[in-house]
Structures are given as structure tokens and as C-alpha cells.
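Heads up: the sequence shown at position 55 corresponds to 55 in our numbering, and the numbers run straight through without jumps.
Be a bit skeptical, because a hint or two may be false.
Derived pair list, reagent style EDC-like, types lysine to aspartate or glutamate, alpha-carbon separation capped at 20 Å [said to hold, decoys possible]: (1) K148 x E99; (2) K156 x E185; (3) K82 x D187; (4) K60 x E32; (5) K110 x E185; (6) K45 x E99; (7) K4 x E185; (8) K148 x E17; (9) K156 x D187.
It should be emphasised that the hints constitute simulated quantities derived from the structure, not laboratory data.
Note that the coordinates shown come from a computational prediction; the quantities given were computed from them, not determined experimentally.
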Amino acid sequence: MNVKINDNVFNQFPVIETKNLILDNFKITDSEDIFKIRSDNRVMKYLDRDNHKTIEESEKMIKTIIQSFRDKTGINWTIRKKNSSEVIGYIGYWRIIRESVRAEIGYALKPEYWGKGLMSESLLKVIEFGFANFGLHSIEGNVNPENKNSIKILEKFGFKKEAHFREDFLYKDKYLDSAIYCLLETDLKKV
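Given these sequences and hints, build the entire structure.
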């Protein structure tokens, strides 16, 4: 079987348009908006990463994301409302597992936009892109089991729980659990 990731998606950054949103590439000029997201305790509560304390940390994150696209190791989008330059969130494939034709998805949204269906709108398009354009066989979500909202949105799109790893991640001197959710291309067609 000769199944593999479609690297042609890395030739030019793929901008995705939804009914209300534009998903496009990260720019260094987005650092203030990214800082607002990554320094907000409500957003970071379950991301199990340190809050950004400076704009420079957000710039470094953006540079890493831009480089991951160049290196063909990840593809991540900013989320903007149409007719606005403000980054209200981000979504993307943070980790590509080429040998399994699988990618790990991640996302975050400014709290003032929670509960408005915008992450669902983004997630649907990024999932469709992953299967139709990227050639993925499966999409993985690695979630803190206490993050009920993230689990709820994954399950809404047909993700199934594959595993619960007990105390597999050390963060701030505390072992945390991880829950792994997966969506197969054939699962999406059933939703």
C-alpha cells in the first residue's frame, strides 16, 4: 500500500474560508493577538503549557509555526473573522505522523468568542482539508481529560476515544493524564 501525506499542500499556504471566518497563515505582526490568547488563564487552563509572559514568547511561537510549515512538519492557521485582521484563535496540525498518515490537531480561541460556534466552523473545515487535501487517514486529538469543552467538540465531529494515559505527562512537578481521541476519514462520512 502506497499511502502518504500530500506534500503539495506545502507549496503555497492554503487559506481556508468559512461562512464567517478566514483561516490563514501566521505572521509576526500577529504576536500581540497571540499573546492575548496565550497569556489568558482561561485559555491556558488545559493546554498544559506555560502562559506567555512577553510578546517575544509569542513571536518565538509564531516563528516556530512558520518554520514548521517550511519544514513540512506542521500546518497551522490563525482564525480571523471576515473583514477583520484580529486573530481570535488558531487551529492546525501541530504534529504530522507521516508513517501512519496521521496528524495531531490543536486549537485555541479567545474566551469572548467561546460558545458562538466559531471553533466548530473552523474545526469542520480543517478536518475536511486534512482528509481531502492533505491525504490524512486519521486525525488525533490529545486532550487533558478535564477539558470537557474540548472533548465535547471532538465528539461532536465523530472523534472516538482511543486511550486514556494515566499520569503520562509531567507539567509543573505534577503528573497529568492524557486522553487520545481519533477521527478516521471513514468516520467523518458517517457524521
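Taking the hints in turn, this is what the structure says about them:
A threshold of 20 Å between alpha carbons decides the hint, and for K148 with E99 the separation of about 30 Å lies outside it, so the pair is violated. A C-alpha spacing of about 15 Å is found between K156 and E185, which places the hinted pair at or below 20 Å, so the restraint holds. Pair hint K82 plus D187 does not hold up; C-alpha atoms about 30 Å apart against a cutoff of 20 Å. Note on K60 and E32: the hinted pairing holds, with a Cα-Cα distance of about 12 Å set against a maximum of 20 Å.
Between the alpha carbons of K110 and E185 the distance comes to roughly 29 Å, so the proposed pair goes past 20 Å and is violated. In summary, the hint linking K45 to E99 is not supported, as the alpha carbons are separated by about 32 Å, beyond the 20 Å threshold. A distance of roughly 14 Å separates the Cα atoms of K4 and E185; the hinted pair therefore holds under the 20 Å criterion. Of the supplied pair hints, the one linking K148 and E17 is violated, its CA atoms being roughly 27 Å apart against a limit of 20 Å.
The hinted pair formed by K156 and D187 meets the criterion: a straight-line CA distance of about 12 Å does not exceed 20 Å.
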